[in-house]
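**Student:** Here are the chains, one letter per residue:
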Amino acid sequence: MVITTMDYLTIALPKGKLFSLSADLFAKIGYTAEGLSEKSRKLVISNEEKKIKFIITKTADVPTYVEYGAADIGVIGKDVLMESGQDVYELLDLGFGRCHLMMAVPRQQKRADLASYAHTRVATKFPHIAERFFNSKGMQMEYIKLNGSIELGPIVGLSESIVDIVETGATLRENNLEEIVPIMDATARLIANRVSFRLKFDRIHQMVEDLRYILESEVKK
Amino acid sequence: MQANDIVLEIPYGTRDFLPHEAAEKRQLETTLADLFASWGYDEIVTPTIEYLDTLTMGNGHVLEPHMFKFFDKNNRTLALRHEMTTPIARVAASRLKDETLPLKLSYISSVYRYEQTQTGRQCEFYQAGVEFMGSGTAAADAEVIALAAEGLRRTGLQNFQICLGQVDFINGIMQQFQLDDAMQTKIKAAMEQRNLVGLEALLEQTTLAKSARELLRRLPLLHGGEAVLAQAYDIAVTEQSRRALDNLAAIYHLLEEYGVAGQVQFDLGVIRDFNYYTGMVFEVYTPGLGFPLCGGGRYDHMLSDFGSACPATGFALGIERIMLSLERQGLRMPQIRKDIYLAYAPGKLAAALHKAQEYRQQGQVVELAPAAQSEREAADYQTGKAYQKLVYIS
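Respectively, the protein sequence lines represent chains W and F.
Residues in the first sequence are numbered consecutively from 1, following the working numbering.
Residues in the second sequence are numbered consecutively from 1, following the working numbering.
Just so you know, the hints here were simulated from the structure itself, not pulled from any lab data.
C-beta: ideal position from N, C-alpha, C; glycine also.
Keep in mind that a hint or two might mislead.
Label pairs and their computed distance ranges (CB to CB) [stated by the list, open to error]: (1) SER116(W) with VAL7(F): 44 to 54 angstroms; (2) VAL181(W) with PRO47(F): 27 to 37 angstroms; (3) ASN147(W) with GLN27(F): 42 to 52 angstroms; (4) LYS186(F) with ASP113(W): 50 to 60 angstroms; (5) VAL62(F) with ARG107(W): 54 to 64 angstroms; (6) GLN116(F) with SER149(W): 23 to 33 angstroms; (7) HIS61(F) with ARG203(W): 36 to 46 angstroms; (8) VAL181(W) with GLN27(F): 50 to 60 angstroms.
Chain W on its own, in the form it takes in the complex:
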């Protein structure tokens, strides 16, 4: 069985839109490896000289790799992290990958207030976050877990509303949906395994400081 050794720092990067942003940021602090690309067929890419291993995984799996210590460090959106509920340390807000999680309904069927949607059906990829949100409003809902094209839910009568991520709002408009309440804003986070954080403290701490320095100097520019 492959386990993370003390010599290497293993970093899990998610496929998709966060990949290149994360890889570029790590490269700026000297964390890179030859052939590190999203399209790489190799799943583990090492830099023997700097004792770094990158693993490229499906987005939703990053927190799992990190929680179990198969990766020491990971990059993941706060939305996915909250939904997973995994017990990992959240070390740094990387600032990129900004998105907005909200509830939307078909424009024609908009009701007077949020409370009047109680006990209706909501389609979402984020049932845990949605449930926590509605519970905090004292509302019970029927959650329908979908894995994509959430906007389709209300159109075909599968649900009365959706809870989903929006970036520009274009998809909502095209499907005649309207945001009625914001739930959370999310950005990419640097996460760490709780044991690795202790056992490899010096390396991880230095990495966080270096990343923080880069991020802060970019904000100033």
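Based on these hints, arrange chain F on the given structure of chain W.
**Tutor:** Using the frame of chain W, we list chain F on its own:
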């Protein structure tokens, strides 16, 4: 699904220990039990089920949603014990109340938590630990830490690290900034989860000066060797924080004498998630296992919750996690001994069983054939069951 399939399943979060696993577990537990006894800790056994009210005494209510609960005939709520400290505190505050202090007790028990199963932890899992009650000294704290380290060493684990912290250090710092209780709770929760992003966001909401916010932001990063203590003294302004650091320094010097200081790192953030700790807290980690092997600390208020105030300190080791770490680090424990397979020709049972007894008295592990066998059958059996030697009585 066929009825038989259901009968063969086991409930979520439970496991069978097959013979070689059970043998390893037994050996590990024996090693630890002997060690605890040699340090003067007496074993105690408490019921697997307790009243829910007992287990949720003090801060147990935090874990209440994770307890297995049911009712007795009088409809009182019972629960499976979720850890051993609370039941032992109950005994210490009641039936052992008049014993000479300090009380040194040890246990090796199953405990139960209804939660997502993790590496080396099912809903039912095994813990070995000690409780040292009736002493509030650094010497008592150092003793339990040294004993935990010695326990791990005896099991064969060499490569592990002890992270040592002190609850009062953070509490004192909080006092120094006069934050209200709600904010303190939120900040501590963020520190405990090492949610540094959340912590920063919380600090932005306070009216604290920039320097104070920066100091609090960096608290969870106070990690390292002895030098960290010196750094911490620069931050600690209140009596409470300074006393906490003095306490850690005293414990550390004793651990040097015990010869385990080399494996100790300070971690002055919030380490343990239990709210009942009142002083020193520690966790032990090993490479290759993403979860702690051992956790412990001082809990001076727990016994007073049961009506008999008394300072106390202790730890619990996770048996399955130690087994898993040994396996992953290639340190498997010796296999079950299989010395002699003893078979016999028809009519020779009496002679065979006398012979078997003789060997057993010499300390050999002997399996007697279930019935008369030919020498050839016996040889097959010996190989199949991996016995070292075949003895055939003809």
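**Student:** If a hint holds in the structure, say so; if it doesn't, say that too.
**Tutor:** Do the hints match the structure? See the list:
1. SER116(W) with VAL7(F): 44 to 54 angstroms: holds (49 angstroms)
2. VAL181(W) with PRO47(F): 27 to 37 angstroms: This hint is violated: roughly 50 angstroms between Cβ atoms.
3. ASN147(W) with GLN27(F): 42 to 52 angstroms: holds (47 angstroms)
4. LYS186(F) with ASP113(W): 50 to 60 angstroms: violated (29 angstroms)
5. VAL62(F) with ARG107(W): 54 to 64 angstroms: Violated, at about 45 angstroms.
6. GLN116(F) with SER149(W): 23 to 33 angstroms: holds (29 angstroms)
7. HIS61(F) with ARG203(W): 36 to 46 angstroms: Check passed, 39 angstroms falls within 36 to 46 angstroms.
8. VAL181(W) with GLN27(F): 50 to 60 angstroms: Holds: the Cβ-Cβ distance is about 59 angstroms, inside 50 to 60 angstroms.
Hint violations for this structure: numbers 2, 4 and 5, all remaining hints satisfied.
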